[in-house]
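Novice: Dock chain B against the given chain A, drawing on the hints supplied.
2 protein chains.
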Amino acid sequence: MLFDVLSDTVGPLNVFRDGDIQPQYFSDQSFGCSGAFDILVKPASVEEVSGVVRLCNEYNVPVTPRGGGTGVTGGAIPARRGIVLSLERLNRVISIDKRNRYAIVESGTITKDFCSMVEQHGMYFPVNPGSMAKSFIGGNIAENAAGIRSCAYGTFVEFVMNLEVVLPSGEIIWTGANVHKNATGFNLTKLFVGSEGVLGIITKAVIKILPKPAVNKVLVISFMSLAEACRAVLDLSMISPVACAVELVTRSAIELAAPFLPANYPFLATDPEAFLILEWEGSSNAAIESAITSAFDVLDKIGTVRVFVAKTAEEADLIWSIRRVMGDAMVSDNWVYRDIDAVVPPSALHEYLGMLDVIKLKYGVRLICFGHAMDGNLHTMLLLSRDKIALEGDIIDPVLSEIYTAAVQLGGTISGEHGIGSLQQAYLPIQFNEKRLDIMRRIKVAFDPLNILNPGKLMLDS
Amino acid sequence: MLFDVLSDTVGPLNVFRDGDIQPQYFSDQSFGCSGAFDILVKPASVEEVSGVVRLCNEYNVPVTPRGGGTGVTGGAIPARRGIVLSLERLNRVISIDKRNRYAIVESGTITKDFCSMVEQHGMYFPVNPGSMAKSFIGGNIAENAAGIRSCAYGTFVEFVMNLEVVLPSGEIIWTGANVHKNATGFNLTKLFVGSEGVLGIITKAVIKILPKPAVNKVLVISFMSLAEACRAVLDLSMISPVACAVELVTRSAIELAAPFLPANYPFLATDPEAFLILEWEGSSNAAIESAITSAFDVLDKIGTVRVFVAKTAEEADLIWSIRRVMGDAMVSDNWVYRDIDAVVPPSALHEYLGMLDVIKLKYGVRLICFGHAMDGNLHTMLLLSRDKIALEGDIIDPVLSEIYTAAVQLGGTISGEHGIGSLQQAYLPIQFNEKRLDIMRRIKVAFDPLNILNPGKLMLDS
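So the sequence lines, in the order shown, correspond to chains A and B.
Just so we're aligned, residue 1 is where the first sequence starts under my numbering, counting upward by one.
Just so we're aligned, residue 1 is where the second sequence starts under my numbering, counting upward by one.
Errors might be hidden in some of the hints.
Which copy? The list can't say, so a pair holds if one copy fits it or any two copies do.
Dumping the calculated DSS-like pairs for lysine-lysine here, alpha-carbon to alpha-carbon at most 25 Å [what the hints assert, rightly or not]:
| hint | residue 1 | residue 2 |
| --- | --- | --- |
| 1 | K212 | K301 |
| 2 | K212 | K134 |
| 3 | K217 | K301 |
Simulated from the structure, these hints should not be mistaken for laboratory data.
The following block holds chain A by itself, in its conformation from the complex (with noise of 0.2 Å):
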């Protein structure tokens, strides 16, 4: 019955029950995550996005709006089964306005292809996700996915000025309006950004886009001395133009990465203890320049410190490599690993990787370290043999609470980009209260009463 009503809404071929469902759909890129459901639709226009919600409201039917299904804590997947809602088909870039500096995007479109369309008009978004040639600029939004250029740009939440969403009621509106600023009424455009999709479903974005700068400049700099890597953090955090890139390389990391690196890759064979990649971006070589000659002054007062400099952009390339092949690395020799990107402030981040050494040798489990160190939000992967799971798996759950506990004790949080979904729910009274649950539990129910609109995510249903 739902079935032929959803046939009606957005024609038969676009419905999809039982075996007719391909595989993909039942799970995502989360650990061990996936979940049954009855009925696939793909809707094409928002219009038969607001037609399936007001459908599975009145028939009181779960409804999980999915993405490009990158995403790693599980919340594109159904916890109450019900109907899942693919996004893929809103995928057209509406309009890139140079003149206003936004565009126009269904939120279907894969976040990389709109940042090459942004592009081949001559500007700029530099939010860029490592899922970026999968994930759609919805996922992203519905997390507030950041990636390696945050530190000097900001998140998703910084870019989106206003959006389309279709309500669990099936009714549609516009969050904002398409400007800059703006102090009219409660903002919405942000509480809808990081939301998870429980508080409706987005169908378009108006992004903030910028001029793209000419120049770019890479560097790596190698370190014998995890402490040295993070005190340069903080430095070459002071310095003005903030590079747009500081990603930490740990010893973990590396070593894991080493046999899928080039040869040539710049002081691998020194055995370092950490690598920083520095990016700075520009509008000519001039300021850039000057900020360089900043980092090489901050550099001389740490220590034992070499630093390889770019000449071309195939360097630059085979420096930024070590984060390209980390993904193979992690799925090498049989491992699976669970993706854990709490934050701390950047001060804390030597006491932080302390802590994780301690917990990796308590619990004899093997701890990958690796990202966002200007924002103090690094990658923890933590790797599991895929074939002996069933016996370790015991040990995710208490790995991970300790993680979590030890970042909110240094002042940070539980994720900078993944989100919670269902996944990593479990540890949210690590950080939040029963009050402030309670508010996000408040929030739910003023948009979504009947708690159609993806279930069993965030505890706000727990």
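Specialist: Below, chain B alone, put in the same frame as chain A:
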């Protein structure tokens, strides 16, 4: 009775009623707006704020939070009598953390004092509302204030990382964490920025600070045509690095300001149609020079322009004096004014100014236009003669209604930095449909079911 328990809570010297309340607490800078209330309290800590709010909840008495009293939309003026809670004694800068690039400050701190203290530590907080010599950080956050530097840096919402808030129940929460990236639960921090004191009372803020740019450069461009000035705004906004200020002063404002300006103000004698004032900040002269070279290239293509680049700090100060004298000019000659801060997409600026001209002629009123052109956020000042206010008052409403309708038709919004408060709430339906208003009311109820906190604002209980 309530008076007595409030005295117990904050000390008898910090509770006032009847003739003991100084007159300034009954109004703010809002045009023609004042409001009666019963008790003024001045708590000195978050615990005392919590105690006061808890009592108000128990006694079902409205409580209106008050900052520096510089608001222009009536946000701090009680609409339903009750209690005014002044944050003036929560005025400490708690810490300035250079390494983690944030400062922690109590909400009753004067914004200019905060900026000065940040600069004493070699850091920079670039958001500087025109009211900053008197306004409080908490009030600026509650209104999502901005100022002339927002086109490069953004408004308060981009800088607030975390807030300590007293909820209407009296409970105290932190909305986020002291980190630069956060994807942990709903973004309550950004929801509170611009919430105008109706969801909770902000008591502390964690605010992002930046390394201080070493150099700056100011220039003024004179135009003989408004169309060319508006075109220049668009073309100049494509320059990287972005100018930190792009202020338009139209003929109406130039004429009003002229008698208050130094005789050597550039190009004043040439009877210009508009000025654009530009400022760049950067880490080096080289970085700025490249931007200024690009600006000259842009202006060369535009037409009849004259440019004066300040060679000294005094000359820069001279250029900016036209913005400084505006306040005095607008209350000269027995004028009073109503400040309209609608926003339009920058590409619509010229059309918007044309529509304002039509409205001006239709109603025979004086409209003075100047402001944040690159954000599309002009201040349009409706000047009225103090003597004739009783006669002229009736035209305020239709004039405002037409101006806001014009801005919204052009894709803009009612307020860029002043908020809605009581004075602008009648115009909200020009922009928001009933569903959008309903969502705001539901959020209000989620936080404040008894409607204790700053009632009568933002169309939330109308």
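Novice: Now look at each hint and say whether the structure bears it out.
Specialist: Here is how each hint holds up against the structure:
Taking the shortest alpha-carbon separations for K212 and K301, only the inter-copy value of 21 Å comes in at or below 25 Å, while the best intra-copy value is 33 Å. In this assembly of identical chains, K212 and K134 lie within 25 Å of each other by CA distance solely inside one copy; the values are 23 Å within and 38 Å between copies. In the homo-oligomer, the alpha carbons of K217 and K301 lie at most 25 Å apart inside one protomer (22 Å), although the nearest pairing across protomers, at 32 Å, exceeds that limit.
Hint check: no violations occur; every hint is consistent with the structure.
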